[in-house]
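Protein chains in written order, with numbering that gives the first Met the number 0: chain A, 0 to 356; chain B, 0 to 263; chain C, 0 to 284.
Simulated from the structure, these hints should not be mistaken for lab results.
Note that this is a predicted model, so its numbers are computed, not measured.
Built from N, CA and C at the ideal position, the CB exists for glycine as well.
Treat the hints with care, as some may be off.
A few chain A residues that face chain B, going by a derived Cβ cut-off under 7 Å, partial list only [unchecked claim]:
| hint | residue |
| --- | --- |
| 1 | Leu51 |
| 2 | Leu54 |
| 3 | Gly57 |
| 4 | Ser82 |
| 5 | His88 |
| 6 | Leu101 |
| 7 | Pro130 |
| 8 | Pro323 |
Away from chain B, derived, C-beta distances all over 12 Å, residues of chain A [unchecked claim]:
| hint | residue |
| --- | --- |
| 9 | Asp73 |
| 10 | Lys103 |
| 11 | Thr250 |
| 12 | Glu332 |
| 13 | Asn337 |
Simulated pairs of lysine to any residue, SDA-like, Cα-Cα distance not exceeding 25 Å [said to hold, decoys possible]:
| hint | chain 1 | residue 1 | chain 2 | residue 2 |
| --- | --- | --- | --- | --- |
| 14 | A | Lys114 | A | Ile69 |
| 15 | A | Lys102 | B | Gly18 |
| 16 | C | Lys128 | B | Gly18 |
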Amino acid sequence: MARVTVENVKKYFGAVKALDGVDLVVEDGTFVVLLGPSGCGKTTLMRCISGLERLTDGRIFFDERDVSQIAPKDRNVAMVFQSYAVWPHMKVKENIAYPLRLKKVQKSEIEERVKWVAELLHITELLDRFPSQLSGGQRQRVAVARAIVHRPSVLLMDEPLSNLDALLRVRMRSELKKLHEQVKVTTIYVTHDQTEAMTMGDKIAVMNAGRIIQFGTPEEIYKKPRTVFVAGFVGSPQMNFLKMKVTSKGTQFFAEGFGISVPLKNDPKRESVIVGIRPEHIFLEKKSRSTAVTSKVYFAEKLMSETVLHLSLTEDKSIIAKVPYDLSVREEEEIEINIDLDAIHLFDPSTEERIEL
Amino acid sequence: MRKFFYVLAFVGVVLWFLGPLFFVFLASLTPSSDFYMMGKIFPSKLTFEHIYKLLVNLGGWRALLVSLQVALIAIAISFALGIPAGYALTRFVFRGKNLLKLLMLFTRSIPLVVIAVSLVTIYLRLNLADTVIGVGLSHAAMVLPFVVLITSSIFSGVFVEYEEAGMIFGLSRFGAFLRITMPLALPGLAASAIFAFIMSWNEVFAASVLAITNRTLPAHILSTAMASPDYFKFAAGTIMAVPAMVFIFIIRKYLISMWGISLK
Amino acid sequence: MRRAETLTPFLLLLPALAYLVVFIGYPIVGTFQLSFSNPKGWLENFKYVFLSRDFRNAFFNTMLLGVVVIPIQFALAIALALLVNRKWKGYNTLLYIIATPLALSDVTAALISYSIFAPNGYLNKILMKLNWIDYPMYFFGYIFKSREFFVIVLTEVWRATPLVFVILLAGLQSINREYLEAADVFGFSPWQKLTKITLPLLKPSIVSALLVRTLFAFQIFGVVWLLAGRDITVLAGETYYWYVFMNNRNVASTYALIIAVLTFIVGWFYIGTIRSKYLEEGVRA
Chain A
0 MARVTVENVK
10 KYFGAVKALD
20 GVDLVVEDGT
30 FVVLLGPSGC
40 GKTTLMRCIS
50 GLERLTDGRI
60 FFDERDVSQI
70 APKDRNVAMV
80 FQSYAVWPHM
90 KVKENIAYPL
100 RLKKVQKSEI
110 EERVKWVAEL
120 LHITELLDRF
130 PSQLSGGQRQ
140 RVAVARAIVH
150 RPSVLLMDEP
160 LSNLDALLRV
170 RMRSELKKLH
180 EQVKVTTIYV
190 THDQTEAMTM
200 GDKIAVMNAG
210 RIIQFGTPEE
220 IYKKPRTVFV
230 AGFVGSPQMN
240 FLKMKVTSKG
250 TQFFAEGFGI
260 SVPLKNDPKR
270 ESVIVGIRPE
280 HIFLEKKSRS
290 TAVTSKVYFA
300 EKLMSETVLH
310 LSLTEDKSII
320 AKVPYDLSVR
330 EEEEIEINID
340 LDAIHLFDPS
350 TEERIEL
Chain B
0 MRKFFYVLAF
10 VGVVLWFLGP
20 LFFVFLASLT
30 PSSDFYMMGK
40 IFPSKLTFEH
50 IYKLLVNLGG
60 WRALLVSLQV
70 ALIAIAISFA
80 LGIPAGYALT
90 RFVFRGKNLL
100 KLLMLFTRSI
110 PLVVIAVSLV
120 TIYLRLNLAD
130 TVIGVGLSHA
140 AMVLPFVVLI
150 TSSIFSGVFV
160 EYEEAGMIFG
170 LSRFGAFLRI
180 TMPLALPGLA
190 ASAIFAFIMS
200 WNEVFAASVL
210 AITNRTLPAH
220 ILSTAMASPD
230 YFKFAAGTIM
240 AVPAMVFIFI
250 IRKYLISMWG
260 ISLK
Chain C
0 MRRAETLTPF
10 LLLLPALAYL
20 VVFIGYPIVG
30 TFQLSFSNPK
40 GWLENFKYVF
50 LSRDFRNAFF
60 NTMLLGVVVI
70 PIQFALAIAL
80 ALLVNRKWKG
90 YNTLLYIIAT
100 PLALSDVTAA
110 LISYSIFAPN
120 GYLNKILMKL
130 NWIDYPMYFF
140 GYIFKSREFF
150 VIVLTEVWRA
160 TPLVFVILLA
170 GLQSINREYL
180 EAADVFGFSP
190 WQKLTKITLP
200 LLKPSIVSAL
210 LVRTLFAFQI
220 FGVVWLLAGR
230 DITVLAGETY
240 YWYVFMNNRN
250 VASTYALIIA
260 VLTFIVGWFY
270 IGTIRSKYLE
280 EGVRA
């Protein structure tokens, strides 16, 4: 169990800046998710923490210990690879026992721990088989078992669920989270799937282009995204972004465009703002504080449990709304939608950063 | 109709490729009296006396041992040097990697003929001429580029993640190579070793030039064949062919996949 | 692991490279030295060789053998590859049988040919048994040079076709089936499919095999030496002769150098005409 501190870490591959100054503190025993699109550096960061990649600059600490120059085998980390990397020439129980054998643990204790972890992961019946005889999901559990059996200081997981089919993935999400509650090891989990991140993480570090853009709880990330990127990356369907001009009538400021007028609390001190509104915060009924606009239905995705409406505001701007029930609409139908003013987000149009008014 | 054509072709191919082998085997087992009788195609009895005479009287056994030693030396050296090189070529990224691969390919295409004579001069100075080791060393050089390229390909077939997992869970880089990569690469390496063995076993030019008294079997045959009785020739052919064919048979599946042919 | 480690890879490669420099690079220099050294002047050896009848014959024979043998091998190899690729029953066994000669050295192949074509060989025996001939046919001996040539060609075809076959089969299998299926849909005849789709797509393999075979053709030795001695001279044979029998290392090296130059020219031509992608498949025997 250790707290992981990443201090201004840079990792360059020749001219490619995979990590360009990353700072992060993962508290002891927490489950932190590194979330971002491909190429954002999340896997690189994890590999740096594991020791498989050497840092170009910066330092990494486990508790107070500077591990930046230490080989992976001496860091007491464990990793679950995306491909599981379960050794094919060893039986399952040997795979799991191997880390303990390398640590010269007593044979009797090895047996006990292997048993314990196999029960935890529900793979006791598979112990005598070879990996080639197992399904993907089973192999993944073997990989997880192997990773926690030697009680690592830090557990790293590199998109462990991405190779599973959808149903299994959903089940494993909850199993892994429950496992974390039982074993309480500091876990760093890499994924590009924001649903996984939101449901599993105690905290999420949203990354892009080698930097951490925002680090916070799922609620913070969702409700107070720091940039357009974060706001757009988390939440499905994606948040709507409307670039609108700032106008004033006396002391009251508005953001106007596309037939919408949004009253602003203060002077944003800019000529225009980007207004963000999530699809689920667009309603067909009026709200206590909302602004209305008419739009034409372009397409309706009927998911029975909810309906996703693609609406066009103007010739070339559309907006997406989501209502939590089955709605019957016709294409080309004109409907009035209401934007919940309590739920809008404002961003600076040039820096794309959040504005609080 | 199609089937008939196929069966015909099949039989034709079998006869074409295996027929001659059958003949030389038969010839080596035919007593000389029967062999020289024009009317007899199949011998009345099979005899091993030719093979025996070749091995015992005509220095065949000695040449065979030399061939064996040379091949083993060649394999030992080429693999000892080639395995690390092959590993480096796949697992590391560095400037000049492609150039090196090209160099290996280029070196493979240099015929041993070209360097054999010059090599003798060098050997004379080093007291290596006419020694088993001398021939072994030259064979190792012949086989080395092949070993580098093929071990490189074998290692790239072992997923990097297996090694990385080993490194995470307590092995050093070298430890991961030894305990994880090598066991997984072993079948491929074994097959390649056998193939390298056969390459050395069959090589005749350098073996003839670099040694006079310590000659491998093909070199021995080359120098004495003209003047020897026929049965010698055939017995020698059989002795040379049989081990090679046995080996190839053992590793046939791997060889085929090595050349990129799939057997699905 | 894609690390840009600095020293380790070079350290791992160094022994192998050093060995090659010592055992191949250095001797090549030696070959140059030997062929260029002669008390009468540094080009003397070359003058001697180029002016000698033996060289002209050897060069001619080597080329002739190549020119005759290689097309036959290719035609045969393509036919075999197409046959095996059909994957009719037992094609596995067929594949192994065809690959058998690869295990044999040229010396062995020559001996096999001898057992068939010798005066007491099986060909003669069978033909006499069938009463097609009254006296045995002689295939070896100086006066039968053209027959020796025939036997040599036959032996080389038998021995080395599998090499080409293996390369072509691999290439054939890598041709995407969909191309041929599309051709079926468009109504191509089997011959059209072969000439317009299969063969063009097979070109890289053919070029690759051609390179390998041509390079080996320059070195042809064992088969010729055993079956024809010096009746039919070839470049490698002359190298052997001048060293072992005439004890003249310089002339021998000159011949060796000529082989090297020919090899280099062909190799250079090859590299120049095809993309380096095909050089990545390093393992052609």
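Cross-check of the supplied hints:
Against a cut-off of 7 Å between C-beta atoms, the interface hint on Leu51 (chain A) holds, since the closest Cβ of chain B lies about 6 Å away. Hint status for Leu54 (chain A) relative to chain B: violated, with the closest Cβ pair at about 16 Å, above 7 Å. Look at Gly57 (chain A): its Cβ only gets to about 21 Å from chain B, farther than 7 Å, so that hint breaks. At its closest, the beta carbon of Ser82 (chain A) sits 5 Å from a beta carbon of chain B; the interface hint therefore holds under the 7 Å criterion.
For His88 (chain A), the suggested interface contact is upheld, since its CB lies about 5 Å from the closest CB of chain B, less than 7 Å. For Leu101 (chain A), the suggested interface contact is upheld, since its CB lies about 3 Å from the closest CB of chain B, less than 7 Å. Interface restraint check: Pro130 (chain A) against chain B, minimum CB-CB distance 11 Å, threshold 7 Å, status violated. Interface restraint check for Pro323 (chain A): the shortest CB-CB distance to chain B comes to about 42 Å, outside 7 Å, so the restraint is violated.
Not every CB of chain B is more than 12 Å from the CB of Asp73 (chain A) (nearest about 9 Å), against its label as outside the interface. Non-interface call for Lys103 (chain A) relative to chain B: violated, since the shortest CB-CB distance, roughly 9 Å, does not exceed 12 Å. The claim that Thr250 (chain A) is not at the interface with chain B holds, since no C-beta of that chain comes within 12 Å of its own (minimum 62 Å). A cut-off of 12 Å between C-beta atoms confirms that Glu332 (chain A) is not in contact with chain B; the least separation is 53 Å.
Separation of Asn337 (chain A) from chain B is adequate, the least Cβ-Cβ distance of about 51 Å exceeding the 12 Å criterion. As the CA atoms of Lys114 (chain A) and Ile69 (chain A) are separated by approximately 31 Å, the hinted pair breaks the 25 Å bound. Between the alpha carbons of Lys102 (chain A) and Gly18 (chain B) the distance comes to roughly 61 Å, so the proposed pair goes past 25 Å and is violated. Taking the CA atoms of Lys128 (chain C) and Gly18 (chain B), the gap is near 18 Å; set against the 25 Å cutoff, the hint holds.
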